[in-house]
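Peer 1: Protein chains in written order, with my numbering: chain A, 1 to 313; chain B, 1 to 410; chain C, 1 to 273.
FYI, nobody ran anything at the bench for these hints, they're computed from the structure.
Among the hints, erroneous ones may be present.
[Unchecked claim] Under 7 Å between C-beta atoms, here's a sample of chain C residues computed to sit facing chain B:
(1) E37
(2) N130
(3) Q217
(4) K232
[Said to hold, decoys possible] Counterexamples of contact, computed for chain B against chain C with all Cβ distances above 10 Å:
(5) E127
(6) K167
(7) N184
(8) E235
(9) Q238
(10) E311
(11) E331
(12) P353
(13) S356
(14) V381
(15) S382
(16) P395
[As the list claims (entries may be wrong)] Pairs of lysine-lysine residues, derived as DSBU-like cross-links and limited to a Cα-Cα distance of at most 30 Å, are as follows:
(17) C/K46 to B/K276
(18) C/K5 to A/K110
(19) C/K221 to B/K313
(20) A/K187 to C/K262
(21) B/K188 to A/K161
(22) B/K321 to C/K221
(23) C/K101 to A/K16
(24) A/K263 to B/K217
(25) B/K59 to C/K221
(26) C/K101 to A/K17
(27) B/K402 to A/K161
(28) C/K191 to A/K107
(29) C/K46 to B/K180
(30) B/K402 to A/K75
(31) B/K36 to C/K71
(32) A/K290 to C/K103
(33) C/K184 to A/K187
Glycine residues also receive a C-beta, built at the ideal position from the N, C-alpha and C atoms.
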Amino acid sequence: MQNISKKRTSYQLINKKVPYLFILPWIIGFLVFTLGPLIFSLIMSFFNWPITSEPTFVGIENYKTMFTQDPQFYKSIIITFKFAAIFVPLNLAIALILALLITQPLKGMKFFRTIFYLPAVVSGVAISIIWGWIFNSEYGILNYILSLIGVEGPMWLVDPKWAIFTIVIASAWGVGIMMLIFYTNIKGIPTELYEAAAIDGAGPLRQFFSITIPSITPTILFNVITSVIGALQQLALVLLLTGGGPLKSTYFYGLYVYNNAFKHHQLGYASANAWFMFIVVLLLTMVIFKTSSTWVFYENEVKKEGKKGRRKK
Amino acid sequence: MKLVKFKAILVLFIAAILLLAGCSSSSSGDKTSDGKVKLRFATWDVGDDVSLQQDMIDKFNEANENIEVVLEAYGSEYDTKITAGMGAKDAPDIMYMWNYPQYKDALEPLDSYIEKEGAEYKDNFYETLWNYNSADGQILGLPVGYTTHVVYYNKAIFDEAGVDYPKSGWTWEDLQETAKKISNKDSKVSGFAFSGKPDPYDFEMFLWGNNTSYVDKDGNLNGNLNSKQSVEVFEMFQNMAKDGSAIPTEGSGSQEMKSGKVAMFVYGAWGLTPLKEAGIDYGVVELPSFKGGKSVSILSSSGVSISKNSEHKEEAFEFLKFWTNEEANKERIGFELPVLKSVVESEQLEQDPVKSVFYSMLEKSDGYTPASFIVEDWSKVSENLTQTFESIFNPSTLQNPKEALDSAVE
Amino acid sequence: MKMPKGFKIITFSLLGLFSLYFISPFVWVVLSALKTETEVFSYPPKIFPEVLQWKNFVDAWNSQPFGVYLKNSVIVTVLTTIGQLLSCSLVAYGFARYNFKYKNALFILMLATMMIPWDVTMIPLYMEFNMLGWINTLKPLVIPAFFGSAYYIFLLRQFLMSIPKDLENAARIDGANEFQIFFKIFVPIMKAPLILIAVLNILSVWNDYLGPLIYLQDQSKYTLALGLAAFKGVHDLQILPIMSITLVMIIPPVVIFLIAQKYIVDGISGSVK
Chain A
1 MQNISKKRTS YQLINKKVPY LFILPWIIGF LVFTLGPLIF SLIMSFFNWP
51 ITSEPTFVGI ENYKTMFTQD PQFYKSIIIT FKFAAIFVPL NLAIALILAL
101 LITQPLKGMK FFRTIFYLPA VVSGVAISII WGWIFNSEYG ILNYILSLIG
151 VEGPMWLVDP KWAIFTIVIA SAWGVGIMML IFYTNIKGIP TELYEAAAID
201 GAGPLRQFFS ITIPSITPTI LFNVITSVIG ALQQLALVLL LTGGGPLKST
251 YFYGLYVYNN AFKHHQLGYA SANAWFMFIV VLLLTMVIFK TSSTWVFYEN
301 EVKKEGKKGR RKK
Chain B
1 MKLVKFKAIL VLFIAAILLL AGCSSSSSGD KTSDGKVKLR FATWDVGDDV
51 SLQQDMIDKF NEANENIEVV LEAYGSEYDT KITAGMGAKD APDIMYMWNY
101 PQYKDALEPL DSYIEKEGAE YKDNFYETLW NYNSADGQIL GLPVGYTTHV
151 VYYNKAIFDE AGVDYPKSGW TWEDLQETAK KISNKDSKVS GFAFSGKPDP
201 YDFEMFLWGN NTSYVDKDGN LNGNLNSKQS VEVFEMFQNM AKDGSAIPTE
251 GSGSQEMKSG KVAMFVYGAW GLTPLKEAGI DYGVVELPSF KGGKSVSILS
301 SSGVSISKNS EHKEEAFEFL KFWTNEEANK ERIGFELPVL KSVVESEQLE
351 QDPVKSVFYS MLEKSDGYTP ASFIVEDWSK VSENLTQTFE SIFNPSTLQN
401 PKEALDSAVE
Chain C
1 MKMPKGFKII TFSLLGLFSL YFISPFVWVV LSALKTETEV FSYPPKIFPE
51 VLQWKNFVDA WNSQPFGVYL KNSVIVTVLT TIGQLLSCSL VAYGFARYNF
101 KYKNALFILM LATMMIPWDV TMIPLYMEFN MLGWINTLKP LVIPAFFGSA
151 YYIFLLRQFL MSIPKDLENA ARIDGANEFQ IFFKIFVPIM KAPLILIAVL
201 NILSVWNDYL GPLIYLQDQS KYTLALGLAA FKGVHDLQIL PIMSITLVMI
251 IPPVVIFLIA QKYIVDGISG SVK
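Just chain A, with the same shape it has in the complex (with noise of 0.2 Å):
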């Protein structure tokens, strides 16, 4: 027994340098390649820069414009806000249906893996130009089967009703990542699980909720936290496909900020307006991670009792 405590206190020892040096290539990267670009990023928030030519200072003015005089920045801020609203929850249901379904042992699951993970492969720049091509309401494809059965179809990419709905569908088509991530971690549960809870006559929705919900939900966190981020960023779409149209109802937040950048040349405002939306999706990824201590069970913290009935063999 006392050898035991000896070798634990020499190991809490080295404990102490040793947790950084695993992380320290992190450090490493970030201290040489992103503290760097932010800090002057947020210094040229504070600069009129146009650029072409040199900088000069102007104090909180980019900051006062953006809030008091430049109607485009609310809203921008509410569609994007509205499409994540809309996309993070759809995709996430989605990624995990489909998670689902290719974890079933049933033949030809190889071959529907691999056509729900085809998509994710595409490059962007054929993807904008694949939905343009379904899309387009006079002579796209689209339109032109519903006709054949019938049906006027909407135009997609003209009516900003639409647009959005039109954007959500072109970006879900890239689901197969996070479908990935989700069946890695589903086939990741022990089998023992589920044979336990089939004698103890649990049916497939209650083995869903009690066995494969609890064990994944790290995985939902990583994907809910990650696909706000990309929804609240989404920027190559709107640009390559709408451009931020019809009428700018898919001006994302995103195109705001490039467009500020590199078509207005205000490189300055950019930066203030992008410092913004940095602080905003900080703190809600701090929310989610707070609120997440409450529905997120990580095995190497779980309570005692929890312990004994989801401890592996």
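Got chain A sorted already, so can you dock chains B and C onto it with the hints?
Peer 2: Frame of chain A, contents of chains B and C only:
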């Protein structure tokens, strides 16, 4: 202790990376390894066009022992790339350019260079083009190519409908009548297509045709953009969309034209090759004129400019001269309309049934200054105008032009 | 495991429905890539090409030095994947299995790096790479990967958090040092998520074109994704080359996925016992 080993591996790992980083700066810099001056040249062109440009550059490099030009092709992301380069003070030495008002501060004024070449040199370029390659009274680029806008028409559709091909000297009323005759809901044929989200830069030519413009000399929108003549123009296009003789398109309209279901649309010389490749048998004709107005087009011109931060401006100008000389104009003839009078003459382009149309539009379009050269923050104004125009032409809104334009000038 | 018949039917009809949504745009790409220009744009749309235009692929491939691009893409993809696997596994392990001072603050800071809008840090980063002399080399695309990416670290940490704590304590009592514990016990356990990360990284690096666009200059350095984007001009969209190169480009990631999915399945179920 084994931990020491672990530390050692980590340290080694990081050291290796930093070392990799350290011994690297050989490839960049403005001199090549053999002591030549290296010039970076950025183009926005794509496909075969780039291959041709590379061939021409190879010729230049062969003929010039002490200069090596390296081509960089960025396609549709051109602006993002050169903007980033300018911001980081690492812009290419030579750049294709059209939006001079926006980039003027980063470009080298070329007047003194051109002067040295003599008046005859300068006079061989079409005069109008110099205006489009300048900003604030300084020439910032040598003209490489240009296009005016013309009406493309699909011959097959006209033949099928038994309607005569349009002729120069026609009016917008003629166009509307023709479009109405040709449009057919059942076979999904549209008589005319125009962009439902037009680039305000391009659209201004229609206002010019009706004797007005977005702004006056001092850049005021009020009284100009919302003038009676201007409203007329917008009403005309909107009415065509309303009565079904025209469709407002999501893009420029070229995709719709390629479907073979659109009889006419307004476009630049960009359409010449792609439409042919898509198997459309087309003709081109001058823009129609307005009643009591004119047939006039805006120019989309491209030039080559030198970065203000370039360390080899003399050599860069040598290349600019090469890039715009007679031979180069002839080489590019399949991709760009020549900008030198001598080449147009020697190649007999005035007799070409298609290309001559662009030149006659060019002659008619002298003496107009686009609003983008007058208004200080054009890119912002342009963004607002785009939205206004879209609200007028978008089928789900079709806002009253007068009201829309009135609110836009505020 | 037996499955009720009704359940099976529901499963397959759902699979079918989703497949339609995921595969039909894709089928359209395949068919289009094999058409002539006229057929591609014609309306009403022609479903099948009259003659399969296999030469579209050859033409597109030869129109730019795609062999060189392929080489560059492979270099970048392989090196970044190695870099990410090495660095992310270490860092995620550090965050997931230890308690240390400022851990939460550092972790939040790391998450924050995912939220930095790219537009405004890109130019200063460009300046930094330029000072290092990395512009127009593959280094800006490769080297940062050796310092981990927040996305993968976070993902891996979530997996590692789900492994019972007694695992390493038992090993420690047996006298194993921290490095041995990480390498001998945890690396094998992490096999499935590490393969997942490799797949995800290959995918995103393979298709990334903003990074290459900004940091590369002449064609000899381009990657496939950048070559693909170069078919898109301001006025000219070269549809056939775009479609055919897109199809060629998806082959490697799909093959890797097919191989990897076997290990993702085998990996975990065999390891944590």
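Peer 1: Next, verify each hint and record whether it holds.
Peer 2: Hints, verified against the model:
Interface restraint check for C/E37: the shortest CB-CB distance to chain B comes to about 5 Å, inside 7 Å, so the restraint holds. A least Cβ separation of about 5 Å between C/N130 and chain B falls short of the 7 Å threshold, and the interface hint therefore holds. Nearest Cβ of chain B to the Cβ of C/Q217: about 5 Å, under the 7 Å cut. The hint holds. Residue-level restraint check for C/K232 holds (minimum Cβ-Cβ distance to chain B is 5 Å; threshold 7 Å).
For B/E127, the requirement that its beta carbon stay farther than 10 Å from each beta carbon of chain C is met, with the minimum near 25 Å. Remark: the non-interface label on B/K167 is consistent with the geometry, its nearest Cβ contact in chain C lying 27 Å away (cut-off 10 Å). The Cβ of B/N184 sits about 13 Å from the closest Cβ of chain C, beyond the 10 Å cut-off, so the non-interface label holds. Separation of B/E235 from chain C is adequate, the least Cβ-Cβ distance of about 29 Å exceeding the 10 Å criterion.
Once the 10 Å rule is applied to beta carbons, B/Q238 is consistent with being away from chain C; the minimum gap is 25 Å. With 10 Å as the threshold on Cβ separation, the claim that B/E311 sits away from chain C holds: the shortest Cβ distance comes to roughly 14 Å. The non-interface label for B/E331 is consistent with chain C: the shortest C-beta to C-beta separation is roughly 19 Å, beyond 10 Å. Remark: the non-interface label on B/P353 is consistent with the geometry, its nearest Cβ contact in chain C lying 22 Å away (cut-off 10 Å).
Every beta carbon of chain C lies more than 10 Å from that of B/S356, the smallest distance being close to 21 Å; the non-interface claim holds. A cut-off of 10 Å between C-beta atoms confirms that B/V381 is not in contact with chain C; the least separation is 21 Å. In this structure B/S382 is separated from chain C by more than 10 Å, as the shortest Cβ-Cβ distance comes to about 16 Å. Against chain C, the non-interface label of B/P395 holds: every CB pair exceeds 10 Å, the least being about 19 Å.
Of the pairs offered as hints, the one joining C/K46 and B/K276 holds, with about 19 Å between alpha carbons and a cut-off of 30 Å not exceeded. With a CA separation close to 21 Å, the supplied pair C/K5 and A/K110 stays within the 30 Å bound. Proximity of C/K221 to B/K313 is assessed by CA-CA distance (about 26 Å); at most 30 Å being required, the pair is judged to hold. At most 30 Å may separate the alpha-carbon atoms for a hinted pair to count; A/K187 and C/K262 meet this at roughly 11 Å.
Only pairs whose Cα atoms come within 30 Å are accepted, and B/K188 paired with A/K161 is accepted, the gap being roughly 25 Å. Taking the CA atoms of B/K321 and C/K221, the gap is near 28 Å; set against the 30 Å cutoff, the hint holds. Proposed proximity of C/K101 and A/K16 is supported: the alpha carbons are some 9 Å apart, at most 30 Å. Distance check on the hinted pair: A/K263 and B/K217 sit about 24 Å apart at the alpha-carbon level, within 30 Å; holds.
This hinted pair checks out: B/K59 and C/K221 have alpha carbons roughly 22 Å apart, not beyond 30 Å. Pair hint C/K101 plus A/K17 holds up; C-alpha atoms about 10 Å apart against a cutoff of 30 Å. Distance restraint check for B/K402 and A/K161: the Cα-Cα separation of roughly 24 Å lies within the 30 Å cut-off, and the hinted pair is therefore satisfied. Pair hint C/K191 plus A/K107 holds up; C-alpha atoms about 26 Å apart against a cutoff of 30 Å.
At most 30 Å may separate the alpha-carbon atoms for a hinted pair to count; C/K46 and B/K180 meet this at roughly 27 Å. Between B/K402 and A/K75 the CA atoms are separated by roughly 25 Å; this keeps the pair inside 30 Å, and the hint holds. Distance restraint check for B/K36 and C/K71: the Cα-Cα separation of roughly 28 Å lies within the 30 Å cut-off, and the hinted pair is therefore satisfied. In summary, the hint linking A/K290 to C/K103 is supported, as the alpha carbons are separated by about 15 Å, within the 30 Å threshold.
The hinted pair formed by C/K184 and A/K187 meets the criterion: a straight-line CA distance of about 22 Å does not exceed 30 Å.
Hint violations for this structure: none, all hints satisfied.
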